[in-house]
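J.: So the chains spell out like this:
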Amino acid sequence: MLKVRVMPTLLFKDFGLVKGVRFDSWRPIGSVMQAIKVYNMREVDELVFLDISATSEGRPPDFETVDEIADECFIPLTVGGGVRRIDDVGRLLQVGADKVAINTAAIQAPDLIRLVADTYGSQCAIASIDAKKLPNGQYEVFTHSGTQATGKDPVTVAREVEVLGAGEILLTSIDRDGTMTGYDVKLIRDVSDAVSIPVIASGGAGNYEHMASAIIQGKASAVAAASIFHFTQQTPLEAKRFLRERGINVRL
Amino acid sequence: MKKVAIVDYGMGNLGSVTRAVEECGGSPVITNKAHELEVANYIVLPGVGAFAIGMRNIRERGLDELLTAQVIGKGIPFLGICLGMQLLATKGWEGEETDGLGWIEGEVKRLQPDGHNVRIPHVGWNEVIFTRASPLFSGIPSGTDYYFVHSYHLLCPNERDVIARTPYCGGVVSAVGRDNILGVQFHPEKSQRLGFQVIRNFLAL
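These protein sequence lines are chains L and V, in that order. The first sequence: position 25 = 25 (our numbering), numbered continuously. Just add 252 to wherever you are in the second sequence, counting from 1, and you've got our numbering.
Derived from the structure by calculation, the hints contain no laboratory data. Cβ atoms here follow ideal geometry from the backbone N, Cα and C, with glycine treated the same way. Where hints are given, some of them may not hold.
[Claimed, not checked] As a list, the in silico BS3-like pairs of lysine-lysine whose alpha-carbon atoms are at most 30 Å apart:
hint	chain 1	residue 1	chain 2	residue 2
1	V	K326	L	K37
2	V	K254	V	K361
3	L	K219	V	K255
4	V	K254	V	K285
5	L	K13	L	K37
6	L	K37	V	K255
[What the hints assert, rightly or not] DEER-style ranges, computed between Cβ atoms:
hint	chain 1	residue 1	chain 2	residue 2	range
7	L	T147	V	G325	40 to 46 Å
8	V	K326	L	T147	55 to 61 Å
9	V	N410	L	K133	38 to 44 Å
Taking the hints into account, I'd like the entire structure generated from these sequences.
T.: Have a look at this one:
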C-alpha cells in the first residue's frame, strides 16, 4: 500500500537556510549541506528545497547549489523557487532534482505547467499554491513568496493546475506557516476533495497530532514541515511512528 | 572495472543515477555515443517523462539500433529505470500512440484509480512484492518499500516477464526481467540502502 510521506522542507535565502513566520521574519537556521547530509543519513521519505528569494529578486534557480545538494542527496528531491521557463526545469532535473515546484509562474504563465508535463511528465510538475484566509472566511492565492494577491481562490487554482497536467499540489497556508499551531485542515480538505492528484499539506505543523489531522481529516497524501524539525526535538522518524499508531500507513 | 553506460537521451535525472552507480562501485559514463556504448559492461537507461518524447529522442540519436545491437545482440546486462523500463514495451500511449523498443511484450497505459482517494500519479513509497526469483533482488526481502513516481504503467501479457508487482491501481508491474534485460518502475537511485542493493545486484550480473 502507498505510504503517507513526511517531508522536511528547507527554505533557502541569501546563501543559507532560513525559517520564518507567515512568510516573514526570516531567521537563519544553518547551512544547506549540513541539513541535507543529516536528512540523507536519516533516510527521510522526501525533501523539499525552496529558494524563496529567487522570484522576488527576478533571478533563475541557483543551479550550482542544487547540483551540490543533489550530489549528497539520495532521497527524492523537489526543488522550487524562480522556476519560470521550461529550460529552468530541464536544468534542475539534469543537476539532480526529481520534481520541480512551480508557484508564481503557475499563476502568471500557467502554460509552463502544461509544457513541463508534456515534456518531462506530470509526475515532476508540482504546482505550489500559497493561500491566505481572508477576514470573510474565504481563501485567496498569493504569489511571489506570499506578497502578491491574485484574486483567485485555491480550489479554482488547484483544479486549473490539475487540468494543465500538474502531478502534485504543494499547498501552503500562509497564515499558519511557522506558527506551529496546526495545518489549516479545512483548506487542505477543500483542495484534496477538488482534485484527484496528490496534495502535500504544508504550513503550521507543531506536533505529530497536527500531521495526523492533515492526513485523516484533510486527506493529504503527504505532510511537509519545517519549524517542527528545526526548532523542536521532534523528528520525521518519530512522526511516522506516531502516525502508524494512529493507523496511518507510513514507511518505517 | 565495471564500465557502466548511462544512456543520455535528454530525459531527466542522469545526475542521481550516475552518483548512485559510483556509490555502488561502478564507473559510470553518461553517453549517447556508439564508441562508449560499445565498450560498456553494463547499460542503464534512466529517464523521467513522456513515452512519446522519450522514444523520439532515442530514435533521433540512433540509439534504438545501437542499444539493440548491444543488449539483444551481445547480451550486455541492461537496466531500465522508470521511463527507461516502460520504453522496453511494444507500445506506449503517453502523448500519442508510439512504438517502443519492443524487447518486452506489453503496452504502457495510464494508471486507472481502483478506489476512493486513490490518486494519480502514484507518488511515494510502496511495497515491491517479488513474483519470481531474480538476481536483481538478491538479499532483499519481498515487500520492501521503494520510491515510485509515475502516471503510466507497463501492462505485460506474459507473466514470465514480470519479476515484481506493487499494490496500486489493481497491481502495477514494478519490475520486469528476461535474460540480461531488466527494468524497474521504481527509482532505486532514490530508494536509499535497499535501492542501492538493487544497483549492486545489477552490477554483479
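J.: It remains to establish, for every hint, whether it holds in the given structure.
T.: Hint by hint, here is what the structure shows:
The hinted pair formed by K326 of chain V and K37 of chain L fails the criterion: a straight-line CA distance of about 41 Å is larger than 30 Å. This hinted pair does not check out: K254 of chain V and K361 of chain V have alpha carbons roughly 35 Å apart, beyond 30 Å. For the given pair, K219 of chain L sits about 46 Å from K255 of chain V by alpha-carbon distance, which is inconsistent with the 30 Å threshold. Proposed proximity of K254 of chain V and K285 of chain V is supported: the alpha carbons are some 18 Å apart, at most 30 Å.
For the proposed pair K13 of chain L and K37 of chain L, the alpha carbon gap of about 19 Å is at most 30 Å, so the pair holds. With a C-alpha separation of about 28 Å, the suggested pairing of K37 of chain L with K255 of chain V holds against the 30 Å cut-off. One distance hint, 40 to 46 Å for the beta-carbon pair T147 of chain L and G325 of chain V, is violated here, with the actual separation near 59 Å. Range check, K326 of chain V to T147 of chain L: Cβ separation about 59 Å, and the 55 to 61 Å hint holds.
Taking the beta carbon of each, N410 of chain V and K133 of chain L are about 54 Å apart, not inside 38 to 44 Å as hinted.
In this structure, the hints that do not hold are numbers 1, 2, 3, 7, 9, in rising order.
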